[in-house]
Structure formats: C-alpha cells, structure tokens
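Peer 1: Listed here are the chains, written in short residue letters.
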Amino acid sequence: MAGEAFTLIEGGRATPVEARLAEGRVRVAEADVERAFGWKLAPQGLCKGPVCVPVRDRAGLAAEGGVDLETLAETLGLPLALDREERVAVLGASSAERCGRLASLEAPDFELPDLAGRLHRLSDQRGKKVLLIAYASW
Amino acid sequence: MALDRSADDARPYVERAHPTHPTLVDPEHVVADLYGMINVPTVVWIDERGRIVRPNDAQFGTDTFTAFHGKKSAPFLAALRAWVRDGRGALADSDARAQQRLPSAEEQLARAHFTLAWHLHQRGRTEAAERHFLRAGELSPHDWTIRRGSMPIRGINPMGPQFFELYKEWEAAGKPGYPTQPLEGE
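Heads up: the sequence lines are chains E and V, in that order. Numbering-wise (my numbering), the first sequence opens with residue 1 and increments by one. Numbering-wise (my numbering), the second sequence opens with residue 139 and increments by one.
Calculated directly from the structure, the hints in this document are not laboratory data. The structure displayed is predicted, hence computed values, not measured ones. Please note that a few of the clues may not be correct.
Calculated lysine to aspartate or glutamate pairs in the EDC-like style (CA-CA distance at most 16 Å, straight line) [stated by the list, open to error]:
| # | chain 1 | residue 1 | chain 2 | residue 2 |
| --- | --- | --- | --- | --- |
| 1 | E | 128 | E | 106 |
| 2 | E | 128 | V | 153 |
| 3 | E | 129 | V | 265 |
| 4 | E | 128 | V | 195 |
| 5 | E | 128 | E | 109 |
| 6 | E | 129 | V | 185 |
| 7 | E | 129 | V | 186 |
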C-alpha cells in the first residue's frame, strides 16, 4: 500500500510526511516521526535529546508500516489531536511538562512578531522588569 | 500581546494607544499554552532575572468595563508602580506557586485541538476546523481564549448572544479563573 500525504505538527512546526492509514490507525515511518517530532526509536526506548521514555509494547508501537501515532502519543504521555480525513495530527505539550515548567517560576521564553512582523523574544528584555499582558479584541 | 487571529484585529487598539513597549500578536496561542492562560486580560509580573514574581492574574489597566466585572484598575496600577519603583509586591516563590493555576491533561489536549483547528482554518478547511474548535471547547469549557477567542475565527460575534450564553455558563460554574489573592486596596 502506498503512503498518503499527511501533515505532522509539533511546537508550531508543520512537517509533510507520508502515512499509512489502515484499520483506523495512522502509521508513519520512524525517520519521519523523528524529523517531525524529534523523537527517535532507540534500543533504550523513545529518545529526544537526553530524555528517553521506555517502550513496553514495541511491536504495538512500531510495525512494518511505521510508528502508530496514537500509541506514540500514549507512550510519551503527550496529547494528540488527530484528523484522519484531513490527514493532519498535532502533538501537544503534556500537562506534566507545563506544570513542572510553571512551578519552576522561570518565565517560559517565547518569540512573537509585532504588528510590523518584527520578531521579539521575551529574553531580550532580561535585566528589566516585564509586565506581560495578554489581551484581545474579542 | 494580543491573543487575536491577526495583527489587523489588534491594530486599531494599538494605534490608538501609541505604546512605547513592544506589542505582539499570538494567533497560535503559543504564549497562552506556555503560561496556561485561559482568559484576557491576563497579566504576569516577570522580574529582571526572568522569574515569575506574580503569576497569571486578571487585572485591568482602565475602568472601562468595571460595571461589568466589578474590578477597579487603581489597586492594580498602584501595586504595579510600587513594584517597578522598588520591587515591592513581588511574591515569595511559595506564594507565587500557590497562586498558579496548573493545566490539566484535558486542557493540554484542548490546546492541541485548537492548534489543529487553526491550521485547518488557515487552509480553508472551515468545516473540519469547526469540529476541532468545538472539541477544544468541550475539553476545556472554561478557557475563554479557546471558546470566545475562536468566535471571530468561526464567524460568530464575540459580543453577541453566544458570548452571553458562555458568560452564564461560566457564572453558573462559579466563575472559575486564576487562584490569586486580592491586591492591597482591592
């Protein structure tokens, strides 16, 4: 069976890949999972940088057709929003990661554009007090 | 920082205010996710070392909507000036942590669905996007950045009947928000 065009999104980045859709499951080649999400299937488990997560059911996670996206997200404890018809999946951040980071009280760094499209980083303001205000027209 | 769908939504407000500080746009809710923001306005005090010394709080710079939400701007502005002047009002770490609202697994899944919805919307997949905006709202029913913030994107008036329905639902749930202590004079 030939692969179908599919988009994987993580950390604001969309990566086009090929996926195999069968029996309600979505499978993506290991190399594409690593390219899109940064997670690599290694002998010790799923690894990203210094972090490795053990994989209990390796056969369920990765078969000939590739890595099963839902099993991947479940193994990593990450939220996955998947739309099979639209051929898109978003891998989000876990509440454990967000809670841990907030509890550290280190203000999470970010980069966003101003109205003219020029990018600004929070960490550029280091050395000054910052009042971060979220507002909206709605 | 505007949690709006585009710079153009924020532009009229910014042009009228002529701010001297950077004013940013976050259509993908990157900062809302990183900081666990669920409504606007949300303010965060960050000190010179990049540490959060007052976490997410709903505070207003003017009294335009005081009749609606009952909150005055004066205590906040006084506290803010005192902090800027001499650092007063910065919370001890344990107090700052006690005032944080931490996101649940369902809320993080809601954010993933919001991201997916926004991606589909930008590609003209309006009906598919609607499914995921709704799913995000079901998973995180008291997140205004998702439920009210998606209204303009979905062609719904964010000041119209659906907003008032949402408000009633939120009121009936006990107005869930950030667990902050009142400022002096509040």
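Peer 1: Next step is simple, just say for each hint if it's right about the structure.
Peer 2: Each hint, compared with the structure:
1. E:128 - E:106: holds (15 Å)
2. E:128 - V:153: violated (25 Å)
3. E:129 - V:265: violated (43 Å)
4. E:128 - V:195: It is violated: about 20 Å lies between the C-alpha atoms, which goes past 16 Å.
5. E:128 - E:109: holds (15 Å)
6. E:129 - V:185: Satisfied, since the Cα-Cα distance of roughly 5 Å is no more than 16 Å.
7. E:129 - V:186: This hinted pair holds, its Cα atoms lying about 5 Å apart.
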